[in-house]
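Going line by line, the protein sequences match chains A and B. Under the working numbering, think of the first position of the first sequence as 3, with each following residue one higher. Under the working numbering, think of the first position of the second sequence as 3, with each following residue one higher.
Worth flagging that the hints you see were computed from the coordinates, not collected in a lab. Each hint should be verified, as a subset may be incorrect.
Which copy? The list can't say, so a pair holds if one copy fits it or any two copies do.
As the list claims (entries may be wrong) - Subject to a maximum C-alpha distance of 25 Å in a straight line, what follows is the list of computed DMTMM-like cross-link-like pairs (lysine to aspartate or glutamate):
id	residue 1	residue 2
1	197	411
2	169	203
3	197	161
4	169	201
5	131	96
6	100	335
7	197	85
8	100	186
9	382	186
10	100	310
11	131	186
12	100	85
13	197	299
14	197	230
15	197	297
16	197	384
17	382	236
18	131	230
19	169	54
20	169	24
21	131	397
22	131	12
These numbers were taken from a predicted model, which means no experiment stands behind them.
Number of protein chains: 2
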Amino acid sequence: VPLDATHHPDRQSWVTSANALESEFPIQNLPFGVFRRLGSAESPRVGVAIGECVFDIAVAARLAPQRFTGEAVGTAVAACAHDALNALMALGREPARKLRAAIADALDASDADAEGELAAALVPMTDVKLLLPAHIGDYTDFYASVYHATNVGSMFRPDNALLPNYKYVPIGYHGRASSMVPTDTPVQRPVGQRKGPNDLEPTVGPSRSLDYECEVGVFIGRGNTLGDTIPLTDAEQHMFGLCLVNDWSARDVQAWEYQPLGPFLAKNFATTLSPWVVTMDALEPFRAPAFSRPDGDPAPLPYLSTPENEARGGVNITLEVRLQSSAMRARGEPPEPVSRTSFTHMYWTLAQLVTHHAMGGCNLRAGDLLASGTVSGPTKGERGCMLELTWRGAEPLTLPGGETRAFLEDGDVVELAAWCEAPGARRIGFGTARGVVLAAASS
Amino acid sequence: VPLDATHHPDRQSWVTSANALESEFPIQNLPFGVFRRLGSAESPRVGVAIGECVFDIAVAARLAPQRFTGEAVGTAVAACAHDALNALMALGREPARKLRAAIADALDASDADAEGELAAALVPMTDVKLLLPAHIGDYTDFYASVYHATNVGSMFRPDNALLPNYKYVPIGYHGRASSMVPTDTPVQRPVGQRKGPNDLEPTVGPSRSLDYECEVGVFIGRGNTLGDTIPLTDAEQHMFGLCLVNDWSARDVQAWEYQPLGPFLAKNFATTLSPWVVTMDALEPFRAPAFSRPDGDPAPLPYLSTPENEARGGVNITLEVRLQSSAMRARGEPPEPVSRTSFTHMYWTLAQLVTHHAMGGCNLRAGDLLASGTVSGPTKGERGCMLELTWRGAEPLTLPGGETRAFLEDGDVVELAAWCEAPGARRIGFGTARGVVLAAASS
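Just chain A, same shape as in the assembly:
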């Protein structure tokens, strides 16, 4: 896939905040999202992030219709006149790609008329609340990091850490859609049943081992009909774009409830999404080979294997988790990075997850979210959840100021961040998925 003008690293915008080197949202990114102006009673609106602003697509198309011409762009603009991205996603890759290119042209610094025509379509990010990007019909969570699966397995099943199916089946399960929340939604510590190995009976109370999981989510664009499959060669055409997912987890609840049907209340109290959907088009310069399976691992089964997927099924995203205790916040200290890893460590590519999900005919719908599972790498500093980082609490983290953490405490803020860098490409970012832990409801 050739890179095009939208990826050119030297391109600048007349929205000057986008040109700052540290900006996550330069003109080369233009992720889609949904927002509402603070204090307004208006319906949610569709926009793209540019520097420190949101570019309101419907307003822009009204102010300068001549910049949004052509059938595909017109269809895409019309699909943005909703309170969520589902309609745009449902159109498939091409209309969104062309709309993104038209927006890039409209925001380009070299266009002398653009700022005058379009400045009124910009809203400062400080003036908006960012919402969930889509109405998520179904949310699926995978388990695609072999490092995560091995670490967790060795804690929960010491004799049987990595199960025999792992290298054949992209393991996944259905998650809860209703409790997906946008960034900056506080997360209440759940109450649940817990039973330690030495307890005679379970007890009920607030989770004592609340955790985060740092994941990447892919929003489905064009769906498939019930009964149809999505061959691996087509899977990328069904992927609209990516976001960050914090799959908050109550480990004590999980350990007691998860057999034989998987996690349930341990996960369904909240899942936090980052607000911006970075399109697969924006990610083109950062594609990478699929995971290189070590000698002795089986090859992927034929339906999960193409040369194209092997050559560039991966995405080189750097992911960082940051923690901030309430004491740190009181002292004015920023969230502290506690791990950093790469999405190239994943055993399965996103395209393999999409293809596997539909192999039995399950219909994926526009706006469905498939999350990767915790992104962990081979070294300790690359572990994407506290369960792994602290080895179930045995090796607590130390925060600035000397506080220690086995698991999350009330008042802790968890912030996921991510960015992509590559030689010859402008760095782009994902924004953050952030939430503060609130005390459990009193019972």
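Given chain A's structure and the hints, the job is docking chain B onto it.
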């Protein structure tokens, strides 16, 4: 809870087909559903079943507004002007209860004017297609029959049949909402990964052990806010009504994929619902004590225990599964009953499932569906899936004409039916959840 006029067993309707003793939909039932007139391009409409007809609520309220007065009934009628029951469900129990009572009065044989005023609101069932009753935001499947859990466990984990959490935790998992289909939707045999105990590697192909599961589903009425719980004393107020659920399952796919995160592709290719939602109000005469735990079982934890739930948390529903091969169909033979059981065998009540689901703050929304899990009883003839009935194929079923079945074959029709009977009450039925198995897609 006192029975009221809507339950009186001698009440008759001017819709005379409702008065036939074998009718599932007498005036004492009046289940809600969603339909579209065959051949019409209209939006789906909300109605109730009466005898062999559907009573179109919006049309009735237009023809005879004086019969649908009062604030609660007016609100309920307005909520029926949608393409699904979600808005009516969201109002909670009282408006739907009053609307059902008003409809019963309007359909009562003793009202000399009613037929003249309202006959035009009736549509013969043969002239409609019945659709899903609601937009199901989230579907959860439980595992609430201890007989089913024990049978399945002894096949999949001979040394460890019933896991230690079973009698404390109402085990459940999130299912797939997108592939829920209304009755009479054909079900395509899924392709998946299967691996027998003696296979060196998994293979990909059509499931060789396709199964049904006979379950009861409860539609959530009024929801709860994220972070709030639903105490057991309130749980029934969040339950709108019940339907039948066939949780089609590919057992070979399930056995290979389900560890450690639960069933995924084994279940998400199709789930069939019966079309009519029998309200909790219509079920009042059939309430029964909760399961009587044998000596030695732990008492339910306090959050899952009230005297009221113990006394009448159960529902006495008889469930029947019928099979019809294509050869039987060609010979004009009806589906053959292969098992019959009672919903009173369930270890957990529906109210306990609702309360457990929300105990960590998970938000349930109007129209969400919670299914019970396979309803199996203590004897062989009461087993609610083929895995149990044939003991994983070891004891095949024999159908009329001599065909045998270890699992489902292409062309087989599975039909779930259910009814309630009690002394002093009119018998009511659920209608059917039916589907024919189609051959796998050629690959």
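Checklist line | Unmet hints by their number, sorted upward, for this structure | finding: 5, 6, 7, 8, 9, 16, 17, 19, 20, 21 and 22
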